[in-house]
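Asker: From just these sequences and the hints, can you work out the full model?
Protein chains in written order, with this note's numbering: chain V, 1 to 163; chain L, 164 to 314.
Hints listed in this document are in silico derivations from the structure and should not be mistaken for laboratory results. Some hints could be false.
Stated by the list, open to error - Calculated lysine-lysine pairs in the DSSO-like style (CA-CA distance at most 27 Å, straight line): (1) V:Lys27 with L:Lys307; (2) V:Lys67 with L:Lys217; (3) L:Lys240 with V:Lys67.
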Amino acid sequence: MEINKIIESGLMETYVMGIATEEEIQKVLSLKKDYPEFRDALEQLEFDMEVLAQNMAIQPPPGTLAKIEQEINEIQRQNQAIQPAKAYRYDDSEGQKTSQERYIEVEAESNQMRINKAWKWVFVAVFVLGKIFLATAIYFYLENRQAQEQIKELKIELKEKTR
Amino acid sequence: MLKAVLNVPSAEPKDIRWFYNQYASMLLGYINGIVQDHQKSEEHLVTILSSFVKEVILQEKSKLNIWMELRQYTQGKLKLFTAKEHHLKSTGTTNKGNLDLLDDLQRKVFCAVYYHGKSISYLAETMHNNETEIRNQLKLAIDKMRRASGN
Numbered sequence: 001m002e003i004n005k006i007i008e009s010g011l012m013e014t015y016v017m018g019i020a021t022e023e024e025i026q027k028v029l030s031l032k033k034d035y036p037e038f039r040d041a042l043e044q045l046e047f048d049m050e051v052l053a054q055n056m057a058i059q060p061p062p063g064t065l066a067k068i069e070q071e072i073n074e075i076q077r078q079n080q081a082i083q084p085a086k087a088y089r090y091d092d093s094e095g096q097k098t099s100q101e102r103y104i105e106v107e108a109e110s111n112q113m114r115i116n117k118a119w120k121w122v123f124v125a126v127f128v129l130g131k132i133f134l135a136t137a138i139y140f141y142l143e144n145r146q147a148q149e150q151i152k153e154l155k156i157e158l159k160e161k162t163r
Numbered sequence: 164m165l166k167a168v169l170n171v172p173s174a175e176p177k178d179i180r181w182f183y184n185q186y187a188s189m190l191l192g193y194i195n196g197i198v199q200d201h202q203k204s205e206e207h208l209v210t211i212l213s214s215f216v217k218e219v220i221l222q223e224k225s226k227l228n229i230w231m232e233l234r235q236y237t238q239g240k241l242k243l244f245t246a247k248e249h250h251l252k253s254t255g256t257t258n259k260g261n262l263d264l265l266d267d268l269q270r271k272v273f274c275a276v277y278y279h280g281k282s283i284s285y286l287a288e289t290m291h292n293n294e295t296e297i298r299n300q301l302k303l304a305i306d307k308m309r310r311a312s313g314n
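Answerer: Printed below as a string of structure tokens:
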């Protein structure tokens, strides 16, 4: 009789709607454990709440499932990128076996190469020398062209004098 | 060059599909009741369902009834909307289900609790009513809708 009163009190409804206080939650969990009729009534209410939600359901547009699957894969990829470093740190004490179970070895190709830092100055020197050679080549080219023009002019003068 | 990568099994597509078929339309209806915007609701549906599957379903962390947990999780994710004062708008896209069966006070109480997670004490204060009355109205509203659904 007492349990029927509790069932009708509205306690189950506040619990199922997610607004019960901590005290009410503990009471519901205790009653659920001790009284099968309370547990049955609660389960029925939870089921009915799903039916109510189904009555208010809206069908998602096509393609939504694909978007969700893509989003989940994206989240997993991000987590995989973050976790390896952490996992190694925590697995140290448990030995190598754990890390072997958690990791697989794959062949990876890198497009980068490693060189000594001293090579930096060599590259700088090559660059500067290249610039100097370029400037010198331009200078001598212009000089040469000017000399050629002067020779031409002299030849013309000489021809005119011989006439 | 050998490189170690984390050996985590990817999410079972079948599980996701089952979960989607079971709850996606219910959740979209629920989100639409909170957000009151169909376009935004669809965007939230993708984000919320994805993170719930990843954080709760695949981790097997769920202790409550799954729909109850999903509803509470959604309320937590949509705090920006649930924190606001609730006004139920009658939009063309909202599927109101059996809400039309409720009288004005019952509908206000039900929607404030169901969609916005407002507590009994908060509603008693803002509606200038006592807590017992609010609790009764909530129970009456749920009973009415359950009866209309044939339960």
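Asker: Now tell me, hint by hint, if it's right for this structure.
Answerer: Structure-based check of all given hints:
| no. | hint | verdict |
| --- | --- | --- |
| 1 | V:Lys27 with L:Lys307 | 25 Å, holds |
| 2 | V:Lys67 with L:Lys217 | 14 Å, holds |
| 3 | L:Lys240 with V:Lys67 | 19 Å, holds |
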